[in-house]
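Asker: Okay, here's what each chain looks like letter by letter:
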Amino acid sequence: MTTEIQEFTLDELKHLFSPAALTGETMVLNMGPQHPSTHGVLRLIVELDGEKVVNCVPDIGFLHTGIEKNMEAKTYQKAEVMTDRMDYLYTIGNNLVYSLAIEKLTGLQSPPRSDAIRVILSELSRIQSHLIWIGTSSLDLAAMSTFLYAMREREMILDIFELVSGQRMMTTYIRPGGLWRDVPAEFESAVRNVIDILPRRFDEYEALLTNNLLFKDRTVGIGKIDTPTCLAWNVTGPTLRATGLAHDQRKDNPYSGYEQYDFEIPTQTAGDIYARYLVRVAEMRESVKIIRQALDRLPYGPVSDNNRKYVPPPRSEIGVSMEALIHHFKLWTEGFTPPVGAVYSAVESPRGELGVYLESDSGPKPFRVHYRTPSVPLLQALPLMAKGHFVADLVGIIGSIDIVLGDADR
Amino acid sequence: MEEYLQSAVNELAQRCGGQGSEFRGEVTVMVPAAKIIEACRILRDDFAFDMLPVLTAVDYYPRKDGRFHVVYVLYSTRLRYYFNLRAAVDESPAEIDTVEGVFPSANWREREVWDLFGIKFKGHSDLRRIMMPPNWQGHPLRKDYPLGYEEVQYTFNYEEIDVKKPHGER
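Heads up: the protein sequence lines correspond to chains A and B, in order. Going by this note's numbering, the first residue of the first sequence is number 4, and it counts up by one from there. Going by this note's numbering, the first residue of the second sequence is number 855, and it counts up by one from there.
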């Protein structure tokens, strides 16, 4: 046995390519995994006829870290820290969906204040993920300056995450039953400051891109996909909404009180890169609307469930209550034990439906955690969108579906 | 249970011998592994479940009969219902029919289950490993696959330790 990693040979993959590839009529070319346009470590084996893509075979798994296996070896609280590391652009949502699954399993209730803060943070997280997307995907299409502006605005949002949790990206702020702790007093003014600035900045990006002829040349009519194909291949999120179907977990199966807020689900019908761009920009504006409403009616009160069998007591209680001390000790040494059963809960990530399948055997460690991540179906459908386009457009298409390889490989 | 989902459960019980149950508002039907394609087809064609968001597996290790459960979560974009299907798979042969023909998106999900659990999908068009390298030994998400605490293999005793090392392939 060797420790060397072997690769698939062309002979093992020949059923995926056309017969012309084997005779040398078309060229089989490797793209990635170390390639800046693949947004991480994605490898594509591309079959080319001249400069036209005949077929492409995505090869994932370069970022596979066995998080699902590792979570089975940790208690529920400790396993949550790993969820941040999957979709590293929507860390808040990864915590949220895991907490929602545990809440469904155990019957914990997140109080209204915690729900509102969850909504604010996950919408901020959506905006910062879309900002990365607008920057990197336009960079792929040679629009350099948008990237620099988008990173500047993203920094303001990361500062808010640092304010509430002490961490810029891997926050682990949302916990089963509520939040880690209440937000600091400056939170409200800090968020208001950001959401006052953001819409003006979105106008700036749109001025750079929306009517830019060079940008439209590279995006309109490229990478088309239609609704039935999306459903068959399980493609969700902005890519599906750009084909005309308003499928969004926030409206369809509301969680964390999304049903209280007044917002639209932007859709387009063309299903190409440009339509996805329009959907995402409109979504950022809707997110700002949601955050403003949530801030206006941010209720006061506790930020986590009071069930001490699941939620650790606050520091102030530990000093004065023997029970609190015992609960604290038991929760951090042994963990909590939810009832036997399996649940599935899903949220809307910036890329699509992000779900958790969680199974408990009444032990303190999750028996099975499976993350249903939106990037996998998006990558699976990539060949359908790329066929017949130029290699340069393939780069644009990868950018437009907004994949995160940490999310796909887990 | 909603009337609509109840009628789907009844239909599956009648035509595939499925057993329905409900937990925390989620409907789950356990179907025999041989009937999985038919069950998916009934749900897709007659009950408008047009998406397959989740296809994964669970390992109940020391058990020999029905060691694995393959879990299918279906979703209807029109009616906004989730529906869970489960099928028990024995330790050997660990195999079940592919549902690729009903939901094309199952292709990669089934490759993932094959890679990480070692469940073979009969009739799958491209059953290769997807997460692990092609020459990997064993299937990591099986419960008998070790997670750390292994004897360290150096170059001088690599083969010696490799013989007694559990690979999760039993």
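To be clear, the hints were calculated from the coordinates, so they are not data collected in a lab. Because the structure is a prediction, the values reported are computed rather than measured. Note that beta-carbon positions come from the ideal geometry of N, C-alpha and C, so glycine has one too. Be aware that a few hints might be false.
As the list claims (entries may be wrong) - Heads up, simulated SDA-like pairs for lysine to any residue below, C-alpha to C-alpha not over 25 Å straight-line:
{"id": "1", "chain 1": "B", "residue 1": "Lys918", "chain 2": "A", "residue 2": "Glu75"}
{"id": "2", "chain 1": "A", "residue 1": "Lys390", "chain 2": "A", "residue 2": "Thr78"}
{"id": "3", "chain 1": "B", "residue 1": "Lys997", "chain 2": "A", "residue 2": "Phe370"}
{"id": "4", "chain 1": "A", "residue 1": "Lys17", "chain 2": "B", "residue 2": "Tyr914"}
{"id": "5", "chain 1": "A", "residue 1": "Lys368", "chain 2": "B", "residue 2": "Tyr914"}
{"id": "6", "chain 1": "A", "residue 1": "Lys72", "chain 2": "B", "residue 2": "Ala948"}
{"id": "7", "chain 1": "A", "residue 1": "Lys254", "chain 2": "B", "residue 2": "Thr882"}
{"id": "8", "chain 1": "B", "residue 1": "Lys974", "chain 2": "A", "residue 2": "Leu16"}
{"id": "9", "chain 1": "A", "residue 1": "Lys368", "chain 2": "B", "residue 2": "Pro994"}
{"id": "10", "chain 1": "A", "residue 1": "Lys368", "chain 2": "B", "residue 2": "Leu981"}
{"id": "11", "chain 1": "B", "residue 1": "Lys997", "chain 2": "A", "residue 2": "Thr78"}
{"id": "12", "chain 1": "A", "residue 1": "Lys390", "chain 2": "A", "residue 2": "Gly53"}
{"id": "13", "chain 1": "A", "residue 1": "Lys368", "chain 2": "B", "residue 2": "Tyr1012"}
{"id": "14", "chain 1": "A", "residue 1": "Lys77", "chain 2": "B", "residue 2": "Glu1005"}
{"id": "15", "chain 1": "B", "residue 1": "Lys918", "chain 2": "A", "residue 2": "Lys17"}
{"id": "16", "chain 1": "A", "residue 1": "Lys17", "chain 2": "B", "residue 2": "Pro916"}
{"id": "17", "chain 1": "A", "residue 1": "Lys17", "chain 2": "B", "residue 2": "Pro1000"}
{"id": "18", "chain 1": "B", "residue 1": "Lys889", "chain 2": "A", "residue 2": "Ala235"}
{"id": "19", "chain 1": "B", "residue 1": "Lys1018", "chain 2": "A", "residue 2": "Ala76"}
{"id": "20", "chain 1": "A", "residue 1": "Lys254", "chain 2": "B", "residue 2": "Glu856"}
{"id": "21", "chain 1": "B", "residue 1": "Lys1018", "chain 2": "A", "residue 2": "Lys17"}
{"id": "22", "chain 1": "A", "residue 1": "Lys77", "chain 2": "B", "residue 2": "Lys889"}
{"id": "23", "chain 1": "A", "residue 1": "Lys17", "chain 2": "B", "residue 2": "Lys889"}
{"id": "24", "chain 1": "A", "residue 1": "Lys81", "chain 2": "A", "residue 2": "Ala193"}
{"id": "25", "chain 1": "A", "residue 1": "Lys227", "chain 2": "B", "residue 2": "Val956"}
{"id": "26", "chain 1": "A", "residue 1": "Lys368", "chain 2": "B", "residue 2": "Gly879"}
{"id": "27", "chain 1": "A", "residue 1": "Lys77", "chain 2": "B", "residue 2": "Leu981"}
What the hints assert, rightly or not - Listed below are several chain A residues computed to face chain B (Cβ distance under 10 Å; list not exhaustive):
{"id": "28", "residue": "Met34"}
{"id": "29", "residue": "Ile63"}
{"id": "30", "residue": "Gly64"}
{"id": "31", "residue": "Leu108"}
{"id": "32", "residue": "Ala210"}
{"id": "33", "residue": "Asn237"}
{"id": "34", "residue": "Ala349"}
{"id": "35", "residue": "Phe370"}
Stated by the list, open to error - With beta-carbon atoms standing in for the labels, derived distance ranges:
{"id": "36", "chain 1": "B", "residue 1": "Gly955", "chain 2": "A", "residue 2": "Pro257", "range": "27 to 35 Å"}
{"id": "37", "chain 1": "A", "residue 1": "Pro257", "chain 2": "B", "residue 2": "Lys976", "range": "52 to 60 Å"}
{"id": "38", "chain 1": "B", "residue 1": "Ser861", "chain 2": "A", "residue 2": "Phe11", "range": "56 to 64 Å"}
{"id": "39", "chain 1": "B", "residue 1": "Lys976", "chain 2": "A", "residue 2": "Gly247", "range": "33 to 41 Å"}
{"id": "40", "chain 1": "A", "residue 1": "Pro342", "chain 2": "B", "residue 2": "Glu1004", "range": "27 to 35 Å"}
Asker: Look at each hint and say if it fits the structure.
Answerer: Right, here's what the structure says about each hint:
{"no.": "1", "hint": "B:Lys918 <-> A:Glu75", "in the structure": "holds, 21 Å"}
{"no.": "2", "hint": "A:Lys390 <-> A:Thr78", "in the structure": "violated, 45 Å"}
{"no.": "3", "hint": "B:Lys997 <-> A:Phe370", "in the structure": "holds, 10 Å"}
{"no.": "4", "hint": "A:Lys17 <-> B:Tyr914", "in the structure": "violated, 36 Å"}
{"no.": "5", "hint": "A:Lys368 <-> B:Tyr914", "in the structure": "holds, 15 Å"}
{"no.": "6", "hint": "A:Lys72 <-> B:Ala948", "in the structure": "holds, 20 Å"}
{"no.": "7", "hint": "A:Lys254 <-> B:Thr882", "in the structure": "holds, 24 Å"}
{"no.": "8", "hint": "B:Lys974 <-> A:Leu16", "in the structure": "holds, 19 Å"}
{"no.": "9", "hint": "A:Lys368 <-> B:Pro994", "in the structure": "holds, 18 Å"}
{"no.": "10", "hint": "A:Lys368 <-> B:Leu981", "in the structure": "violated, 31 Å"}
{"no.": "11", "hint": "B:Lys997 <-> A:Thr78", "in the structure": "holds, 16 Å"}
{"no.": "12", "hint": "A:Lys390 <-> A:Gly53", "in the structure": "holds, 13 Å"}
{"no.": "13", "hint": "A:Lys368 <-> B:Tyr1012", "in the structure": "violated, 33 Å"}
{"no.": "14", "hint": "A:Lys77 <-> B:Glu1005", "in the structure": "holds, 21 Å"}
{"no.": "15", "hint": "B:Lys918 <-> A:Lys17", "in the structure": "violated, 37 Å"}
{"no.": "16", "hint": "A:Lys17 <-> B:Pro916", "in the structure": "violated, 39 Å"}
{"no.": "17", "hint": "A:Lys17 <-> B:Pro1000", "in the structure": "violated, 34 Å"}
{"no.": "18", "hint": "B:Lys889 <-> A:Ala235", "in the structure": "holds, 21 Å"}
{"no.": "19", "hint": "B:Lys1018 <-> A:Ala76", "in the structure": "holds, 23 Å"}
{"no.": "20", "hint": "A:Lys254 <-> B:Glu856", "in the structure": "holds, 20 Å"}
{"no.": "21", "hint": "B:Lys1018 <-> A:Lys17", "in the structure": "violated, 37 Å"}
{"no.": "22", "hint": "A:Lys77 <-> B:Lys889", "in the structure": "violated, 36 Å"}
{"no.": "23", "hint": "A:Lys17 <-> B:Lys889", "in the structure": "violated, 32 Å"}
{"no.": "24", "hint": "A:Lys81 <-> A:Ala193", "in the structure": "violated, 30 Å"}
{"no.": "25", "hint": "A:Lys227 <-> B:Val956", "in the structure": "holds, 23 Å"}
{"no.": "26", "hint": "A:Lys368 <-> B:Gly879", "in the structure": "holds, 23 Å"}
{"no.": "27", "hint": "A:Lys77 <-> B:Leu981", "in the structure": "violated, 31 Å"}
{"no.": "28", "hint": "Met34", "in the structure": "violated, 18 Å"}
{"no.": "29", "hint": "Ile63", "in the structure": "holds, 7 Å"}
{"no.": "30", "hint": "Gly64", "in the structure": "holds, 4 Å"}
{"no.": "31", "hint": "Leu108", "in the structure": "holds, 7 Å"}
{"no.": "32", "hint": "Ala210", "in the structure": "violated, 35 Å"}
{"no.": "33", "hint": "Asn237", "in the structure": "holds, 4 Å"}
{"no.": "34", "hint": "Ala349", "in the structure": "holds, 7 Å"}
{"no.": "35", "hint": "Phe370", "in the structure": "holds, 7 Å"}
{"no.": "36", "hint": "B:Gly955 <-> A:Pro257: 27 to 35 Å", "in the structure": "holds, 34 Å"}
{"no.": "37", "hint": "A:Pro257 <-> B:Lys976: 52 to 60 Å", "in the structure": "violated, 40 Å"}
{"no.": "38", "hint": "B:Ser861 <-> A:Phe11: 56 to 64 Å", "in the structure": "violated, 46 Å"}
{"no.": "39", "hint": "B:Lys976 <-> A:Gly247: 33 to 41 Å", "in the structure": "holds, 36 Å"}
{"no.": "40", "hint": "A:Pro342 <-> B:Glu1004: 27 to 35 Å", "in the structure": "holds, 33 Å"}
When the structure is compared with the earlier hints, violations turn up for hints 2, 4, 10, 13, 15, 16, 17, 21, 22, 23, 24, 27, 28, 32, 37, 38 and for no others.
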